[in-house]
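Chains A, B, C and D, in that order, give the protein sequences.
For the first sequence, position 222 (counting from the first letter as 1) is numbered 222 according to my numbering, and the numbering increases by one without interruption.
For the second sequence, position 5 (counting from the first letter as 1) is numbered 5 according to my numbering, and the numbering increases by one without interruption.
For the third sequence, position 57 (counting from the first letter as 1) is numbered 57 according to my numbering, and the numbering increases by one without interruption.
For the fourth sequence, position 173 (counting from the first letter as 1) is numbered 173 according to my numbering, and the numbering increases by one without interruption.
If you are wondering where the hints come from, they were derived from the structure by calculation, not from laboratory data.
Predicted model, so just to flag it, every value in this text is computed and none were measured.
Incorrect hints may have been included.
Stated by the list, open to error - In silico PhoX-like cross-links for lysine-lysine, where the CA-CA straight-line distance does not exceed 25 Å:
(1) C/K203 to C/K227
(2) A/K139 to C/K227
(3) A/K72 to C/K31
(4) B/K333 to C/K330
(5) C/K260 to A/K333
(6) D/K31 to B/K139
(7) A/K139 to C/K31
(8) B/K72 to D/K31
(9) B/K139 to A/K193
(10) D/K203 to B/K333
(11) B/K327 to A/K190
(12) C/K203 to A/K333
(13) B/K333 to D/K260
(14) C/K55 to A/K327
(15) A/K190 to D/K31
(16) A/K333 to D/K330
(17) B/K327 to D/K203
(18) D/K59 to A/K190
(19) D/K132 to A/K316
(20) C/K59 to A/K139
(21) B/K139 to A/K139
(22) C/K330 to C/K227
(23) B/K193 to A/K224
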Amino acid sequence: MDTVQYLDDAGLPLRDLPLSTPELLMGYRALRRARHFDERVIILQRQGRLGVFPPFRGQEAAQVGVALALRKSDWLVPSYRETAAAMTFGMPLTNLILNWRADPAGWRAPDDINMIQFYIPIATQIPQATGIAHAERLKGSDNIVATFVGDGGTSEGDFHEGLNFAAVFDAPVIFMVQNNGWAISVPTHKQMKVQRIALKAQGYGIPGVVVDGNDLVAVWSVAKEAAERARRGDGPTLIEAITYRIAPHTSSDDPSRYRGEEESAVWEKRDPILRMRGLLEHLKLWDEAQDKELSEELEGEFLAAVEEADQAPEPKPWEIVEQVYAKMGADQKVAWEYLRGEA
Amino acid sequence: MDTVQYLDDAGLPLRDLPLSTPELLMGYRALRRARHFDERVIILQRQGRLGVFPPFRGQEAAQVGVALALRKSDWLVPSYRETAAAMTFGMPLTNLILNWRADPAGWRAPDDINMIQFYIPIATQIPQATGIAHAERLKGSDNIVATFVGDGGTSEGDFHEGLNFAAVFDAPVIFMVQNNGWAISVPTHKQMKVQRIALKAQGYGIPGVVVDGNDLVAVWSVAKEAAERARRGDGPTLIEAITYRIAPHTSSDDPSRYRGEEESAVWEKRDPILRMRGLLEHLKLWDEAQDKELSEELEGEFLAAVEEADQAPEPKPWEIVEQVYAKMGADQKVAWEYLRGEA
Amino acid sequence: MIADRESKTRALNNVQAINEALDLALERDPKVVLFGEDVGRMGGVFRASDGLQPKYGEKRVFDTPLAESGIVGLGIGMAMAGLRPVAEIQFAGFLYPALDQILSHLGRMRHRTRGRFSVPMVIRAPYGGGVKTPEQHADSPEAILSQVAGVKVIIPSSPERAKGLLLSAIEDPDPVFFLEAIKLYRSVKAEVPEGYYTLPIGKTRVVRQGHAASLFCYGGMVEVCQKAAEVAAKEGVELEIVDLETLVPLDTEGVLESVKKTGRAVIVYEAMRTGGFGAEVAARIAEEALDHLQAPIVRVAGWDAPYPPFSAVENFYRPDARRVLEAVRKVLTY
Amino acid sequence: MIADRESKTRALNNVQAINEALDLALERDPKVVLFGEDVGRMGGVFRASDGLQPKYGEKRVFDTPLAESGIVGLGIGMAMAGLRPVAEIQFAGFLYPALDQILSHLGRMRHRTRGRFSVPMVIRAPYGGGVKTPEQHADSPEAILSQVAGVKVIIPSSPERAKGLLLSAIEDPDPVFFLEAIKLYRSVKAEVPEGYYTLPIGKTRVVRQGHAASLFCYGGMVEVCQKAAEVAAKEGVELEIVDLETLVPLDTEGVLESVKKTGRAVIVYEAMRTGGFGAEVAARIAEEALDHLQAPIVRVAGWDAPYPPFSAVENFYRPDARRVLEAVRKVLTY
Ligand SMILES: Cc1ncc(C[n+]2csc(CCOP(=O)(O)OP(=O)(O)O)c2C)c(N)n1
Ligand SMILES: Cc1ncc(C[n+]2csc(CCOP(=O)(O)OP(=O)(O)O)c2C)c(N)n1
Ligand SMILES: [Mg+2]
Ligand SMILES: [Mg+2]
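Chain A extracted, bound-state conformation (with noise of 0.2 Å):
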């Protein structure tokens, strides 16, 4: 399968680009905020000041192009590696901040954003995505979904069934997997046998894509394609995103165990963020001075976010059985009665 390329490594133009130019400043940007995020949320951890992290540097191409390839109205399904999508899909950074600090108050997306909490067992969100596209079908709108996985993740059942379902129904979906070479220890050539990922969706009877998941030109107008062809009524489309994970697993992973450190360095040449930097600085759209001023605005951005969540109230022990039903039920109210105190 041919892999759909737009930019070489140093981010010049392999052919005539299909985005606008305020498309890819757009994209530049986004890809620059994802990944000032990513950096300085790790410091956050290391400092004690987040949860478990999950990061995406090297991702972010991936996550962006298909985030920007959404409407407002549309749905993002994502596993837990799906920060860089989230943020560009309109999720707040202070939202964001506090899910990774495990503080409920992180937990529910904003009332406008159809995005559903990180999913944590392995391809879950996959049949559900389809679930959400196929009512949406049924309810006549032409909201779509996009719903990510990793190589990993395609070896579950789950991922099989919610594609089959897709498929059969013609249900408005843009499966995104994204192949980072790894699944924790796991390399890809051990998680399957067959090369391309993308060569699946001919077992489900739809249209299977390869892209370079580093080239944001590339993926954004693949995610493009898939979403008309979603929003027609055409059906699903299998979208493989070749990328790595440059960094560990999670904040909790060490990749000295499994992996060597030369592969990384293979990726880093290929990093999202400087291939569009180039083909902008090529273009002659962007220079060092707008660079910095990017950079200070995201700083400033994700400052305010940070005191913000800084600000958020404590996690209430009652909280725990808080929205386990509509209404609570006696069995709730028993805990919720001891935990504040009041039994």
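Fit chains B, C and D with the ligands to the known structure of chain A by using the hints.
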């Protein structure tokens, strides 16, 4: 994908046959033996002398062809519909009758037959078949496993997980999908969007073959190839046998609730037994007299099996709590004594 | 919205009552959708959705591929997107492939999204034994479902209750399991009110009043307890039968009230004894009504073995009136 | 084969003890194979299999694709073919996708093949809370596993027990779940005998003798009960702690013996209260030792909600010494 086929609808050879004369005769005999059993137990069922039974009329070639490709030391891991495969593989008819009488005496395969009891929960056999195959490989044997699943069963997560594991481990398994057009009332085109189930093999990086499931010569020969590949250590094969469930789903089903008669009529003309007989007659290997003799022999064998089955002791209530653990536990013991009237 | 009890009734069996409830729900709320294996074209293997696809069309009543995790996952998604999915799992023993969706998400979604998303979904499944079904078709997994936070579990025991409770379940803002005893599907007919009505979730129901001992039961075991009570009555022993009806949330008060009255508790269920839901009922009684107990709490349940695939002996596994009466004797003569 | 208690010991934590058991099992029986997600090359996310792939090779210690049903199904097949599979499920909350294989086959295979095939497989999984893990990483699904006919369930609470019980589990002819409290993995070191030894499955263990009341617990709750008992001891109240260790088959005699001695039972577990395994313990006591009870049977458990993904408050969900002591006070002052 091309469909492997050796016989036309009348049984005339379309090309050189890969089977010897004794094989052709053995194959025909196995088909007739299976058909005879199916027809006769359905009568028993109507007489109230059998429990729920899933008939296999029309699918004999798809089952027998795979069973004939196995050695005695290989493994058969069936779904519930594989009575024809089981008897061809060596399962005594008495066991099978008792089994479909829901009599514990029939639920245990003889010690020299590596067949696991018919599987009821759909597709659960698939990862287990992979496990058996992987174990044989680790043990250094060249035994292989044949497992069966229906078109409907391919939708389950276990189908996906089992095939992927087998691919990754090069496990020696034949995955035989009998695409018989229906999963109870759901036609294959509502089960999946893809036209050919064998295309799913590409998603796992393993060979996929489509075969005319009503052509014993074709099924047997592709199964032989798959068996050799597995035995060589080259891993699994997915075979899709295109066939048709002529009969109701089980003896409890009423197909008129979901399909017309016309479809079956078309497939009656492609009957695997008539085609094989057509071939044998064309080759002057078979005549009416031989056929009559065979019928009598099969009826004799069947009646002897029924007689043996009829003599099996009634199931005892306390057998319920036997074979739960290797050594009966205290909780089972209480029940056992109660059920024996000793408590 | 409890039915006007003056309304006209007809004799229906359980399948008919369920079919009628589904019909009324589809008619009343355009957000209700029905799906599962063989649910559409064929109307379900037990005909619970018979006639509904022709009436409401393939968009609202549809067949799915054969994959239970997919079915439940689909429903969770549809519910989050604002619909009211009612899924059928063909037999409760085939809920197992869906247990990841159930344990990981079905009841957790409201909690983990702090109320932003909820899953007003109903999952119906035939359960239990007594009718010589093939292996795994007679399983009773209600105890497992009772360990799922955030879901409700209802098991009706009569056509009238089944209809009203199913309509309540479909109206409920949270996920509800609705397990239907296969044994009762067609074996009894009883008067069922016409029209739309709901019955309260979370209430036990005293099926028979008595002072000698309390029989706690649900679903297919209610008729078994009724038979036992009739036999006992002939000997002058008046047993009280409490149909739990809603297992989660359990009406602890209702349970305790009966125990306080009779002082003796027998709990009857057909699932495997160890870890069964009857243990929860016993534990609540032992914690909250100890002083009222005049005898040990006795459980009558399936033995600690798989439900026997050997149907000739299944009735030795499944509790029957005889075993219930033995337990009654035990608590009465203690 | 119980260890010679004179044998030398070293201080090991639970992970080290488990690692040592796996090592000894692999060494002793060529049929033993180890597998799961990240089990091979990385030695497991908790390092339980650290160093074993280099030592025994990729055929005996291997990584699998990310699919739990596949892992359990693979193991069932391997066991039926004569091997002794030991699978790791990365966290007990990820057993859920495998529950179909578990409920449909793992424990049923011997029964449904009338002894022709059996599944001598061990499934290890870290479980429980207390260490601020992400969502679903702190689940305690032992009650669900107790409703699976034909399996055993073991939950050790110390390095010495973990090692010996794991070796027994691997020798056992039937499928065994071996749940390991994450909280205890590295928090305690204790003396563990060198060499190969096994400990009996199916026996409770009195961890502390006392007359005032019995605390029934297992796994991560044993240390919580120990803390509570120490506090109580200062007030002159001597609590007995019974570590169930094997949940299935439960040593009912062992449980009853302690209740008969103390007359008071508090059952402590961190899973959700409703439907939890403590209910089974309570039910058995209420059925067989009623006359010995001087107070209600009290359960201290997780609340009826998902284990909170909000780690700052998780210790309000998980029972602690304070809550145990409140329960003790309740049964003592009854
Ligand atoms: C059902 C389930 N099994 C296991 C895990 C533990 N786990 C978390 S992430 C992970 C690897 C995922 O790899 P991949 O799908 O490639 O995504 P990536 O982490 O590379 O983004 C595993 C095994 C889990 N969260 N859920
Ligand atoms: C997990 C599970 N779900 C549902 C069923 C009920 N069921 C039995 S057979 C069947 C249809 C199977 O169709 P297919 O796989 O095509 O096999 P066929 O019956 O055509 O041989 C269904 C839904 C089951 N046995 N197991
Ligand atoms: Mg990955
Ligand atoms: Mg079929």
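When the structure is checked against the list of hints, which entries are broken? Sort them ascending.
2, 11, 14, 21
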